[in-house]
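Chemist: Letter by letter, the chains look like this.
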Amino acid sequence: MIDIRNVSKSYNKGQIKAVDDLTLTVRPGEIFGFLGPNGAGKTTTIKLIVGLLKPDAGTIAVAGWDTQSEPLRAKAVTTYVPDTPAIYERLTGLEYLNFIGDVYGVPKKARLERIEKWLDIFELASAVSSPIQSYSHGMKQKIVLIAALLPGPKVMVLDEPMVGLDARAAHHMKEMMREHCDAGGTLFFSTHIMEVAEKLCDRIGIIHKGRLIACGTMEELQTRNREEQSLESIFLELTDK
Amino acid sequence: MKKFLLLVRTGLRVNFSLSLLKPKYLFRNKKDLWMVPLIGLGLVGLIPVMFFYVRLVVRMYGWLSPLGQQAALLTFALLMGQFLVLVFGFYYVISAFYFSRDLEILVPLPLAPSQVLMSKFTVILVNEYLTVSPIVLPVLVTYGVLSRGGGVYWTRALLTYLLLPVIPLAVVSILVVGLMRLVNFGRKKDALILAGSLFLMTLAIGGQFMLNRSVGAVPDRAAAIRFLSAPDGLVQQIGSKFPPSIWASKALAWGPSGSGPLNALFSIGASLLLFAGLFLAARRFFYRGLIGLGEQTARRRTLSRDRLERGVGSGSRPVRAIFQRELRIMNRTPIFLLNGVLSVILIPILFVVMWNTGKRASDAAALMALVRSADATIAVIAAALFMTISGSLNGTSSSTFSREGGQFWMSKVIPVSPADQVRGKFLHSYAIAMLGIAASALVVLFVFHLNAAVVLASVALSMAASFVLTAVGMIIDLARPLLNWTNPQKAIKQNFNVLLAIFADFGVLFLLYLAVRLLGKLGWTGWRTPAALFVLLAALSAAVFKALKAFAARRYRDIEV
Ligand SMILES: Nc1ncnc2c1ncn2[C@@H]1O[C@H](COP(=O)(O)OP(=O)(O)OP(=O)(O)O)[C@@H](O)[C@H]1O
Ligand SMILES: [Mg+2]
Chain A
314 MIDIRNVSKS YNKGQIKAVD DLTLTVRPGE IFGFLGPNGA GKTTTIKLIV
364 GLLKPDAGTI AVAGWDTQSE PLRAKAVTTY VPDTPAIYER LTGLEYLNFI
414 GDVYGVPKKA RLERIEKWLD IFELASAVSS PIQSYSHGMK QKIVLIAALL
464 PGPKVMVLDE PMVGLDARAA HHMKEMMREH CDAGGTLFFS THIMEVAEKL
514 CDRIGIIHKG RLIACGTMEE LQTRNREEQS LESIFLELTD K
Chain B
52 MKKFLLLVRT GLRVNFSLSL LKPKYLFRNK KDLWMVPLIG LGLVGLIPVM
102 FFYVRLVVRM YGWLSPLGQQ AALLTFALLM GQFLVLVFGF YYVISAFYFS
152 RDLEILVPLP LAPSQVLMSK FTVILVNEYL TVSPIVLPVL VTYGVLSRGG
202 GVYWTRALLT YLLLPVIPLA VVSILVVGLM RLVNFGRKKD ALILAGSLFL
252 MTLAIGGQFM LNRSVGAVPD RAAAIRFLSA PDGLVQQIGS KFPPSIWASK
302 ALAWGPSGSG PLNALFSIGA SLLLFAGLFL AARRFFYRGL IGLGEQTARR
352 RTLSRDRLER GVGSGSRPVR AIFQRELRIM NRTPIFLLNG VLSVILIPIL
402 FVVMWNTGKR ASDAAALMAL VRSADATIAV IAAALFMTIS GSLNGTSSST
452 FSREGGQFWM SKVIPVSPAD QVRGKFLHSY AIAMLGIAAS ALVVLFVFHL
502 NAAVVLASVA LSMAASFVLT AVGMIIDLAR PLLNWTNPQK AIKQNFNVLL
552 AIFADFGVLF LLYLAVRLLG KLGWTGWRTP AALFVLLAAL SAAVFKALKA
602 FAARRYRDIE V
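Residue numbers (our numbering), protein chains in the order written: chain A, 314 to 554; chain B, 52 to 612.
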């Protein structure tokens, strides 16, 4: 569903190599967890997938559409939640959601249904008619999340989605992720929380200094690093250089 | 002191790395080289403006010096300069002192409030030197050359220029700091900006009114003789609205024997005094005024099912959605609103005020009489020029991408083609231009009493011209959008793209002027010239819009966020 082939990306005219010859496939219906130390290249990879950055080399395809040559087709099936919720502060929550509905072309019935459902789950119904400016950090995070769910995307790409959410919201978030993939959707997310990755993900990739150093199901990772048991110790072992 | 200098340096660096065009950067990146002709076009527009301005100064000097009143020229320029500082300063000050996001970083640092505020003040001051320079410098220089001012004049001129913005800016700053402390608006900050700006604009229009009264209409012979006979009569008359401009021009124009040193002392003394006042105000009031500023009015009420249903649209309508987003964000951000919508109707209003006060003054009336009696060519083109300037000489189109700022990532991920996004944005900028055209059309029709056919034709012409200028403005902003601002002021008022676009607009208008001249030489008269101009502009519109769409496709791919 997400096909990353030999992708490299550097900043500052090649001085900082953030992603180095990355090849990675995420299958349909899969929750893929993306781990790595700070500055490893997770956010860069995610921005490459959703088209915020242009790869220096290599190709990326989402749902079969090349993100460089068929960007609109790829974008139409993808939604994205960034690590910091920088959204239109002057719009109300509802206006923002409606904007997303308009640009993704969500029919009215589905729009209403989904907005009501997620507002209820994330306890945002009372705030949705106020300007986003008046939201707390977590509330902004939630409204971006709802906006990402609204189009009913095939692929969701989330950058550290749990950060800033309270325990209840984080719980619903995890359920939502499972639900999305059970319904055939694909989900790619980065995180620093090992338990979440361990429990939730179908497959896990670990990136270190821009290179993918491990990738597979939890069992595969465990058998490859025979002595290690928990994901945490595997992670610490692999990224210890 | 060391901390203070450090703050100023950082502030300047942030300010100018964002808002100035760096030639080094421009030439290193080959793709941006196409901007060189554009800047050239801007200069083509700027040079005639400066040329006419200097010529006007020279001519005024010629009129005034036989009467011994030439110093009034200085007073006038200094007054205009200080007035500009007063008006612009308000936006700069309020947004830098209270609504800039770097405050979140600065306030918790171990710095005194006065250090933070004074460093911000200094950065604004540097900005103001640039703002007033096009108005003031030509006059100071021309005056110096014409009066054969020696070294004494030039040193004083430099000093005057350096001191010029200090007094008005300090006044504005003290007012703003005091106001914010007093009212501690908190959640009403948007209202504050709007109210304050409207107040200042009224002041500006009122000031215009007074200036016109004092310069434009020469009342009766006796009064005229009275103030022309005193060596500084006209200076007093013009500067009476803002005495610091009198001190400054007297300090400049009268030698060491006369009142020069005394007035210089006045200027410096007042500056120091106000500076000290600001320092105290900063210490006492600054941080206390800041408390609670981030708050927003928020109704916490669950939407009923049918309210929700009404609030939700259906289907895919990207262009409309983009248009709506632009409109809402512009109208709800006071700084944007003032620079877009409000400035568009301000120009016609200023004209009405000037017209009403200057009616008795012979030249304005003569000009109107000329326009009205002249053949259609001149009337239509003059009216269309007025409408185009009212509609298009603002920052709406040339900040349309910059205004998105940190939210530009959204425009990159939504499945809307760059061409459609540009259409939505264009519609919004063009709608604002239309508002300006409509407002000035009303002025032309009901205040200047041009006949309806002429007004109709000039509306059509200015609509075509505004189409071109709107697209040009968008292209300029798309070439180098300013996306990492922390203070909305930066996106529109301090955005170099806006200035560049205004230059380019003048360039386009100048080329059109040449075209009209050419047609005139060929013996074209009557309606044929405006018609030809319209066809030319329509063709140009199509071409520029096409270029804009193609450019957008490339830029949306290349801009990384
Ligand atoms: N805009 C930028 N300009 C220059 N270098 C950057 C930029 N963004 C990221 N980098 C560099 O690219 C590398 C990868 O950064 P990235 O943000 O992808 O890391 P990350 O894995 O998301 O880290 P974190 O866990 O801290 O979010 C880092 O070395 C970082 O310094
Ligand atoms: Mg990151």
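Worth flagging that the hints you see were computed from the coordinates, not collected in a lab. Please note that the accuracy of each hint is not assured.
[What the hints assert, rightly or not] Partial selection, computed: residues in chain B whose CB lies under 8 Å from chain A:
hint: 1; residue: Leu331
hint: 2; residue: Arg334
hint: 3; residue: Arg361
hint: 4; residue: Gly364
hint: 5; residue: Pro369
hint: 6; residue: Thr384
hint: 7; residue: Leu388
hint: 8; residue: Pro466
[Claimed, not checked] Sample of chain A residues with no beta-carbon within 10 Å of chain B, all distances over it, derived:
hint: 9; residue: Thr392
hint: 10; residue: Leu404
hint: 11; residue: Ser546
[As the list claims (entries may be wrong)] Stretches of chain A that chain B covers, calculated by requiring three or more beta carbons in the stretch to come under 8 Å of a beta carbon on chain B:
hint: 12; segment: 325-331
hint: 13; segment: 364-371
hint: 14; segment: 425-438
The structure displayed is predicted, hence computed values, not measured ones. In this text, a Cβ means the ideal position worked out from N, Cα and C, and glycines have one as well.
Chemist: Indicate, hint by hint, whether the structure satisfies it.
Modeler: We went through each hint and held it up to the structure:
1. Leu331: violated (33 Å)
2. Arg334: The hint is violated - arginine 334 of chain B has no Cβ within 8 Å of chain A, the shortest such distance being about 30 Å.
3. Arg361: violated (10 Å)
4. Gly364: holds (6 Å)
5. Pro369: holds (5 Å)
6. Thr384: holds (6 Å)
7. Leu388: violated (11 Å)
8. Pro466: holds (4 Å)
9. Thr392: violated (8 Å)
10. Leu404: Leucine 404 of chain A is in fact no farther than 10 Å from some Cβ atom of chain B, at 6 Å.
11. Ser546: holds (36 Å)
12. 325-331: violated (count 0)
13. 364-371: holds (count 4)
14. 425-438: holds (count 4)
Of the numbered hints stated above, those contradicted by the structure are hints 1, 2, 3, 7, 9, 10 and 12, listed in ascending order.
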